[in-house]
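J.: Spelled out from the first residue to the last, the chains are:
2 protein chains.
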Amino acid sequence: MTEDWLAEIKWLDGLLHAIAQDATTGRTLMFAWMNREALKLTAETGFAHYWSRSRQKQWQKGEESGHQQRVQEIRLDCDEDVIILQIEQVGGIACHTGRESCFYRKLQDGQWVVTDPVLKDPHHIYAHK
Amino acid sequence: MTEDWLAEIKWLDGLLHAIAQDATTGRTLMFAWMNREALKLTAETGFAHYWSRSRQKQWQKGEESGHQQRVQEIRLDCDEDVIILQIEQVGGIACHTGRESCFYRKLQDGQWVVTDPVLKDPHHIYAHK
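Sequences listed follow chains A and W, in order.
Residues 77 to 205 in the working numbering are what the first sequence spells out, letter by letter.
Residues 77 to 205 in the working numbering are what the second sequence spells out, letter by letter.
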């Protein structure tokens, strides 16, 4: 397989925006960044890999938590700088807070209101902490 | 209504990532940027406003095309730097190419394959062009 498809992406300082969406429910679960290697690995392995800007390293989603993301589809936007992964979220938890989705607050009467329960205590998800 | 909810956002050089998702079908339609004023106007008017980085100006989605986005819900992520708008897409076209969604290509056998039809010729959407 050639890597022409990677060359078509408009990398922003070497990075790409990535949105992970539950392939079954359509719920948007998280937003993260990818570098070229992370996207290549995602396509090759079928598991989501990202780039951590804070840690300046590539990582596989779930490498510590076990909450991997099995990728069913990768879509690219018209500007070639954002992709969507349609995924199956192992464990049903995408957020580091132990919730299904990172988007667990909604704006209501001028306040951000938490709508989602914590499904698993983060201290139990990340054993090293 | 106070503006405390705006102060809770971690603005990146004054900007925020925004994902627009069809409130009925769950399809992700577009990705864009907002500044503080665009988000405030979005919440106040119920219509999506964004910030154009290329044109360095704030705009209301659909101001030229008529394809406004009626906002039903605004959600914030755990890092406070990405929001999702659950919207009703007027005209059924979110992409400037005349397609329903900006994410109209999917990766298949190492190529980006267009999966979505053009619903309306962009020359007819943007009369001034």
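Mixed in with the good hints, there may be bad ones.
You can't tell identical chains apart in this list, so a pair holds if it fits in one copy or across any two.
Below, in silico cross-link-like pairs of lysine to aspartate or glutamate (EDC-like), each with a Cα-Cα straight-line distance of 16 Å or less [unchecked claim]:
id : residue 1 : residue 2
1  : Lys86     : Asp197
2  : Lys133    : Glu84
3  : Lys182    : Asp192
4  : Lys116    : Glu140
5  : Lys196    : Asp185
6  : Lys196    : Glu84
7  : Lys182    : Glu84
8  : Lys133    : Glu156
9  : Lys182    : Asp155
10 : Lys196    : Asp98
11 : Lys86     : Asp185
12 : Lys182    : Glu149
It should be emphasised that the hints constitute simulated quantities derived from the structure, not laboratory data.
J.: None of the hints should be skipped; say for each whether it holds.
T.: Each hint tested on the structure:
no., hint, verdict
1, Lys86 with Asp197, "neither (38 Å within a copy, 25 Å between copies)"
2, Lys133 with Glu84, "neither (23 Å within a copy, 27 Å between copies)"
3, Lys182 with Asp192, "within (10 Å within a copy, 31 Å between copies)"
4, Lys116 with Glu140, "neither (21 Å within a copy, 38 Å between copies)"
5, Lys196 with Asp185, "neither (29 Å within a copy, 37 Å between copies)"
6, Lys196 with Glu84, "neither (39 Å within a copy, 25 Å between copies)"
7, Lys182 with Glu84, "between (35 Å within a copy, 13 Å between copies)"
8, Lys133 with Glu156, "neither (23 Å within a copy, 21 Å between copies)"
9, Lys182 with Asp155, "between (28 Å within a copy, 14 Å between copies)"
10, Lys196 with Asp98, "neither (19 Å within a copy, 29 Å between copies)"
11, Lys86 with Asp185, "neither (39 Å within a copy, 20 Å between copies)"
12, Lys182 with Glu149, "between (27 Å within a copy, 7 Å between copies)"
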